[in-house]
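S.K.: Sequence:
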Amino acid sequence: MKKVFERVRVDLVKWGQSGLPLALAAWLPLGGCLLSGCQTPAAVKPAAEAKAIRINAGATEPHVAPDGSVWLSDRGFADGRTVDRGPLEIAGTVMPVLFRTERYGMTRFSCPVANGEYEVRLHFAETFARITEKGQRVFSVKVEDREIKDLDVLAKTGAPRTACMEKVVVQVKDGKLDITFTPGIQNPMINALEIISRPQ
Numbered sequence: 065m066k067k068v069f070e071r072v073r074v075d076l077v078k079w080g081q082s083g084l085p086l087a088l089a090a091w092l093p094l095g096g097c098l099l100s101g102c103q104t105p106a107a108v109k110p111a112a113e114a115k116a117i118r119i120n121a122g123a124t125e126p127h128v129a130p131d132g133s134v135w136l137s138d139r140g141f142a143d144g145r146t147v148d149r150g151p152l153e154i155a156g157t158v159m160p161v162l163f164r165t166e167r168y169g170m171t172r173f174s175c176p177v178a179n180g181e182y183e184v185r186l187h188f189a190e191t192f193a194r195i196t197e198k199g200q201r202v203f204s205v206k207v208e209d210r211e212i213k214d215l216d217v218l219a220k221t222g223a224p225r226t227a228c229m230e231k232v233v234v235q236v237k238d239g240k241l242d243i244t245f246t247p248g249i250q251n252p253m254i255n256a257l258e259i260i261s262r263p264q
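Quick note: the sequence shown uses our numbering, first residue 65, plus one each step.
Everything labelled a hint here was simulated from the structure, so no lab data went into it. Mixed in with the good hints there might be a few duds.
Claimed, not checked - Derived lysine to aspartate or glutamate pairs resembling EDC-like cross-links, with alpha carbons at most 16 Å apart: (1) K231 <-> E208; (2) K237 <-> E181; (3) K206 <-> D148; (4) K213 <-> D238; (5) K198 <-> D214; (6) K115 <-> E183; (7) K237 <-> D209; (8) K237 <-> D216; (9) K231 <-> E183; (10) K231 <-> D216; (11) K206 <-> D216; (12) K220 <-> E230; (13) K198 <-> E208; (14) K220 <-> E183; (15) K198 <-> D216; (16) K231 <-> E181; (17) K240 <-> E183; (18) K206 <-> E230; (19) K231 <-> D209; (20) K220 <-> D242; (21) K240 <-> E197; (22) K231 <-> D214; (23) K240 <-> E208; (24) K240 <-> D216; (25) K115 <-> D214; (26) K237 <-> E183; (27) K115 <-> D143.
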């Protein structure tokens, strides 16, 4: 897989000083699915009309899935830190590499998109060695006006190092998709996210 990454053009997106996308520099194959039963469009257009934006939180370089979908490196977050857990085994996913890095302690995420309806997929796996039981990390996530309150990843998966996904559908009316993270117990964390435009 490493050799594949080396052959892929890294400058897939033009980014502003804030770390947010200004325009895509190329058309890229998409269609990735981390869990099962989902399909996405085959290509992306310039950022204002992008069908899908995929971000691997904590990653320092893009990842290319076996189906050709491109996951961009960490960007768009405010505050927090990143960590790479190394070659962990992750259950419940066909893309374990996405869950080996994470961002934690962030307060928000923002990405400019065209106004419209979006499906937002948030991907998590509890990989912190000190969290072994449910109730040890609880936080809330608000995507636009949709809130996922008191999310406990370990309670949802039943075991550490196991992938799960939260999905919401939201309307963007101000030209940017905003996500806020609120701590409850321990820091909020995230491994990856997808912003997928829905047909109008």
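S.K.: Each hint needs a verdict: does it hold in this structure or not?
M.R.: How the hints compare with the structure:
no. : hint          : verdict
1   : K231 <-> E208 : 13 Å, holds
2   : K237 <-> E181 : 9 Å, holds
3   : K206 <-> D148 : 25 Å, violated
4   : K213 <-> D238 : 24 Å, violated
5   : K198 <-> D214 : 12 Å, holds
6   : K115 <-> E183 : 10 Å, holds
7   : K237 <-> D209 : 11 Å, holds
8   : K237 <-> D216 : 30 Å, violated
9   : K231 <-> E183 : 7 Å, holds
10  : K231 <-> D216 : 15 Å, holds
11  : K206 <-> D216 : 14 Å, holds
12  : K220 <-> E230 : 10 Å, holds
13  : K198 <-> E208 : 27 Å, violated
14  : K220 <-> E183 : 20 Å, violated
15  : K198 <-> D216 : 7 Å, holds
16  : K231 <-> E181 : 13 Å, holds
17  : K240 <-> E183 : 14 Å, holds
18  : K206 <-> E230 : 11 Å, holds
19  : K231 <-> D209 : 13 Å, holds
20  : K220 <-> D242 : 24 Å, violated
21  : K240 <-> E197 : 36 Å, violated
22  : K231 <-> D214 : 15 Å, holds
23  : K240 <-> E208 : 9 Å, holds
24  : K240 <-> D216 : 27 Å, violated
25  : K115 <-> D214 : 30 Å, violated
26  : K237 <-> E183 : 14 Å, holds
27  : K115 <-> D143 : 27 Å, violated
In this structure, the earlier hints numbered 3, 4, 8, 13, 14, 20, 21, 24, 25, 27 are contradicted, and the remaining ones agree with it.
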